[in-house]
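Residue numbers (the numbering used here), protein chains in the order written: chain A, 488 to 1065; chain B, 703 to 1059; chain C, 11 to 360.
Careful: at least some of the hints might be erroneous.
What the hints assert, rightly or not - Stretch-level coverage of chain C by chain A, calculated; a stretch enters the list once three of its residues show a Cβ under 8 Å from a Cβ in chain A: (1) 81-92; (2) 218-227; (3) 257-265; (4) 307-316.
To be verified - Estimated spans, in silico, between C-beta atoms of each pair: (5) Y684(A) with A813(B): 31 to 41 Å; (6) E832(B) with G771(A): 53 to 63 Å; (7) I1044(A) with R811(B): 49 to 59 Å; (8) E686(A) with P771(B): 49 to 59 Å; (9) A516(A) with K355(C): 52 to 62 Å; (10) K355(C) with W639(A): 16 to 26 Å; (11) A125(C) with W639(A): 50 to 60 Å; (12) A516(A) with Q83(C): 51 to 61 Å; (13) V918(B) with Q697(A): 49 to 59 Å; (14) Q708(B) with G771(A): 46 to 56 Å; (15) P564(A) with D223(C): 16 to 26 Å; (16) Q891(A) with E832(B): 32 to 42 Å.
Hint data in this document are derived by calculation from the structure and do not stem from the laboratory. These numbers were taken from a predicted model, which means no experiment stands behind them. Ideal Cβ placement from N, Cα and C applies to all residues, glycine included.
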Amino acid sequence: MSQSASTAAAPSGPAAASRPRDGTGLLNALYTLVFIAVLLLVLIPIVALVYGSLRSAAPGDPGGTWTLRNYAGLFSPGVLGTVLVTLWVGMLTAVFSVVIGVAIALVVHRTDFRYPNTITALVGLAFYFPSFILAMAWIIIGSPGGIINYVWGTLLGLPGRMDIYSVAGIVLVMVLHQVPFVYLTMRGPITAMDGIYEEAARTAGATPGQVLWRITLPLLGYSVASSFILTFITSIEQFAIPQMIGAPGRIYVLASQLYLLCRFPPTDYGLAAAVGLTLSAITGLAIWLQRRIVGNARLTTVGGKAGRLAPVRLGRWKWAAYLLTFGFAFLALILPTLILIYTSLIRFFNANPFAARYTTRNYEQIWNDAGTLLSFRNTIVASAIAAAIGALLGFLVSYFTLRQRPAGSKILDTVSSLPFGVPGVVVGLGLLWAYAYLPLPLYGTLAIIIVAYITRYLPYATETVGGQMVQVDKSLEEAAWVSGASRLETLAKILMPIVFPSMQGAFFLLFMAFFREISSAVLLYTASTTVISVSIFGQFEVANWGAASALSVIATIIIFVVMSLILWLSPATRRKWS
Amino acid sequence: MSISVQNLVKIYGANRVVSGVSLEVAKGEFVSLLGPSGCGKTTTLRCIAGLEEANGGEIAIGGEVVSAPEKGIMIAPNARDIGMVFQSYAVWPHMTVAENVAFPLRIRRMAAAAVEERVAWALGIVGLAELRDRQPSQLSGGQQQRVALARAIVGRPRVLLFDEPLSNLDAKLRDSTRAEIRRLQRELDIAALYVTHDQAEALSMSDRVIVMDKGVIQQTGTPKELYRRPANRFVADFVGVASFLDVTAADNGLLWRLPDGTLVAADGSAASGGGRHQLMLRPEAVSLGAAGTSFTGEGVQVVNGVIREVSYLGAYSEYVVEAGGSRIRVHANDDHPAGAKVVIAFRAADARVLAIG
Amino acid sequence: MRAFLSAARHLSRAVIASLLAVAGLWQSAGAQSWEDVVAAARKEGKLTLYHNIRPAGIEDLLKGFRAKYPGIQTENIRSGSALLNERFRTEFAAGRHLADVMITYADGPFMAEVANWFVAWDPPEFKGNFPASARVADGRLYAVTQVREAIIWNKNLVKDADAPKEWVDLFDPKWKGKLAFNQPWRSISVQQLLAYWEQIGIKDAAEKMKANDVRLFEGSSGVIQAVIRGDAHVAHITDIPLNEMLADGAPIGFTYPKSGTTTSDSVVGIAAKAPHPNVARVFVNWLLSKEGQAELVKHSGLSGTRNDAPPLSHLPATAKLPKAVDGMQLLKPDLQKAMVEHWRKVFGVK
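With the rest of the complex left out, here is chain A:
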């Protein structure tokens, strides 16, 4: 070895201390494990449903036989009518949500609107407002004897009555619930848009309105279409809102019909399974359409650099903008919260707060009720465990489908994105069928609820982590390989630390989602495994409004506290969401 006189000689120590181990074996084992786990998670409920749809008796009932009558039952006028209602409600909801959501996003991010941060925060909070709590609040607000009619009809003496127990009512509450999702998914594309095209249009003489219609919206076309389809899907999957608002008006959608078939005698689990598969087929088709439109582009809710275009001046339109944005926040978040607090503090419903009789007994009952406290504990435990497993699985699945791509990874990719198209009640029903037969003692335990949660949200976790993972340059991994690390070591020491912020984000996203989740738990819970959403729904079902409201208030407070905590503790997530 030649030495240079000008610099210190290289220390001679031992050369490589040991030959690097080839971690391929372990990595392959990990891949197999992940592959099997995902396959089982996703396929068990689906296969069980197909089985159930061909049976004539309830899950576990030894007297069942094979039959096609469940599929025949799909064509009965009752079910067909429900299909039409479901599609109609979904369509209306998607249209209004997209229009309002895009409008709000454009106002906040493309104009000189003065309170962008406030509205972003309010819309973000509205996103976390659970669907069943929103439905309950709006029933109190909009029912024939509710607040609106009281103020409009009794106080102001105006004619006409609002009736929330209608298709219009269902669509109203669904839109309030879905707009935040549209806003959050459109925010990224809108802020990332390069202002060049709009600038060119302006210099060519177009007015701001023309720029909006002819340039901006067409450019956003793919994002809007994608958002529309996804909103449509979440609308037809909805369980709590149509069940709570539709039932008194005898309006049923597929998700609530499925619930009825499993809960009220004469039950028909077989027909429920067939209905569930039908619903999944519709959503699956819509997902496929969305994927075709967007290609393989990953959904991001934030993104890119700000456009360079100078913001559009609102001028006199600013009052319309205030009405739109603050009006939405009021209807979707502030009013329901106030109503809930009010309802939780009165003995029985009175639309006139000055004449109502107040009490704190609802909150006392919660404190004293061991069942409710258990419910809170179950919710936190189940959500945390499911979120952690989900985030880890999301990471591993992303790695195997995006980076390493061993044989069969395409199958893994397809299977792990299937649950996108399967509604929560359907997953719950599938697991109910499956675990009536499988030897694992999961029924009646928190574990089966955790399994349902993970199954439903695996695609979201994979999407979130995958979104960051595709941006990690391959050379970062290759540099580790040539430095002597095996693939497994690279995965653990290089890749995982780098994408950890998105894993945290996935954990956060999943935890919040599970806290609010009701549709997958509503068929699976038992006395000891109730979760908060089910408790609230149960109280609602017996019209125990006071208790339901008090529980909702506390649950909402917990959600917001946890959310703030996570945002505050994790600067990466804060950046992501700010």
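For this one, chain A is given, so just place chains B and C on it according to the hints.
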């Protein structure tokens, strides 16, 4: 031989990206792989590194066969004991500078004290000792590149591989870093294979240059050999700038006929028997004078011409002269207006005839 | 003669004494085995109860039980009787035995399975304190509370004089769109009333209700909340939540029609494969005790079935109603099935 490649073949789908490439790099030698994008140079490098799996041929590093698909040998990149510097630096953002550089040693379970020593040495060599505790996000591009360099050498690898490491730096930084890399490589006396598309870079740094195009080696040689005596039109055109004039053989290859019939003497050593030929002239090898100027010297050929275009480039002016029925690019310091009648002159030895087609 | 009489007197005394002694022994032997049951219950330490008692009251009720038997944890699931029975059926069929005790309304299909689902036994508290009709299915079920069907209206929206007093008044077009009803396919007690309507000649009730734009709500609680809110002005309900609402001062008027009303007993039974059978026995026995019945009445807002159970605060006792008919006898399984299917068809459910 530190690196020995024989008949390397790499196929992507229907494309033969690397088609029978053979090369050798001796210990302490600095060899560049030069060519346009898509020529297969990066693929060749990645096959040597083990980041791609070759389809045919044999690769040996330090005498040990690391890749021989026909014999079923394919050693993983982490077992090939190489150092590699990437175009994007690939400095890990979640580790400090020192941790980045220490990684290859820690992953091989070297004792902590020895690791410390080596890291200090590597950082010292690239001049980053005082930045050892910084995060990569706090470093400039040039500094990150030096971290990558330190990381590549810290393990005292058998060979150093470079994948266009300087293309993301600005021009001034490129020059100084080039010199750094060369100095380092000489000091460590280590074999280096350097992939680039920049011919100035290849010429200035290398002991030898290998020019590739379409998956095949076009010519191997010292920078001077490649520049002055290119084997074919591609190499001539890629390495440096040149004018090409169609010529036909006259007088049994002793003289060559220009398009307008003028006869000139030239270096015909690369001309094969039949087929088309072109005469290559480097612009700085051609002298320019006003009409009537006389040029003397051994083998000097003189042709009359007219100036068609002028570009003033400061250090010289570039003229496009129509002479001998062709357009010839000339670099000269004096001023001549466009349209002026001039005389160009060049030595026969500087005029190389190349076989075309 | 005198000797015979005196011998007879001595003999009878001896017989009585020995009978008493035996009875005493028997009782103490019985009491001892009950002590064993209680001891075993403490060891089991947990009760899982499926019931249809109103949610606001169940925790207080269970608290009373836990106060008497400390160390026993309680868990409960509350549902309407139809859902509750369905859940129990599904779990039993699948071999998942989670419930210890069930409190619910029994309909025909339920009764058909009682022999399989519940254990026959004789709680110490039963004898002498309940009417014989309270012991159902050979001791597998015991009646614990009773509800009756009533008509209610919102006093702020409807003057007492205008309010419906008879069942047929509910079909009056003046209540069109202002009438609330519990979904019949959900509630056994409603089905019993409908069977009674058939009997007293009220035909085509479903169609008439539909023509009156009836609003269907979730359970009697849903109905009464709807009336209080003013979503509906008048309604029929099972009087489960009525007492509590009246105690709260809600503006509700009520009546039990003179043409008659059906009564429905909630029954309690011990599940055949209960995980904690001894706790189950202790609990059921407590429910039937004087103390338990008092707690039950107080916290569930329903009438008790024990002979000396205290009356409700704001509602008349069953004995004081114009005409009360036992709903259980009316609801035959075929009739029930046909009726439910008919109503579901008329209202477009499934």
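Hints and how they fare:
For the region 81-92 of chain C, the stated coverage by chain A holds: 9 residues have a C-beta nearer than 8 Å to a C-beta of that chain, and at least 3 were required. Against chain A, the region 218-227 of chain C contributes 3 residues with a C-beta closer than 8 Å to a partner C-beta. That satisfies the three-residue criterion, and the hint holds. Residues of the region 257-265 of chain C lying with their CB closer than 8 Å to a CB of chain A number 3, which satisfies the three-residue condition for coverage. Counting residues of the region 307-316 of chain C whose CB falls under 8 Å from any CB of chain A gives 0; the rule of at least 3 is not met.
Separation of Y684(A) from A813(B) is about 60 Å and departs from the stated range, judged on CB atoms against 31 to 41 Å. In this structure the hint that E832(B) and G771(A) lie 53 to 63 Å apart at CB holds, the actual value being about 59 Å. For the hinted restraint 49 to 59 Å between I1044(A) and R811(B), the CB-CB distance of approximately 51 Å keeps it satisfied. Distance hint check: the CB atoms of E686(A) and P771(B) are about 54 Å apart, consistent with the given range 49 to 59 Å.
For A516(A) paired with K355(C), a C-beta distance near 58 Å keeps the hint of 52 to 62 Å intact. About 37 Å separates the C-beta atoms of K355(C) and W639(A), a value inconsistent with the hinted range of 16 to 26 Å. For A125(C) paired with W639(A), a C-beta distance near 58 Å keeps the hint of 50 to 60 Å intact. The beta-carbon spacing between A516(A) and Q83(C), approximately 43 Å, falls outside the hinted interval of 51 to 61 Å.
Range check, V918(B) to Q697(A): about 56 Å between beta-carbon atoms, so the 49 to 59 Å window is met. Against the hinted window of 46 to 56 Å, the Cβ-Cβ separation of Q708(B) and G771(A) comes to about 53 Å, which satisfies the hint. Hint check: P564(A) to D223(C), Cβ distance near 21 Å, so the stated range 16 to 26 Å holds. Taking the beta carbon of each, Q891(A) and E832(B) are about 39 Å apart, inside 32 to 42 Å as hinted.
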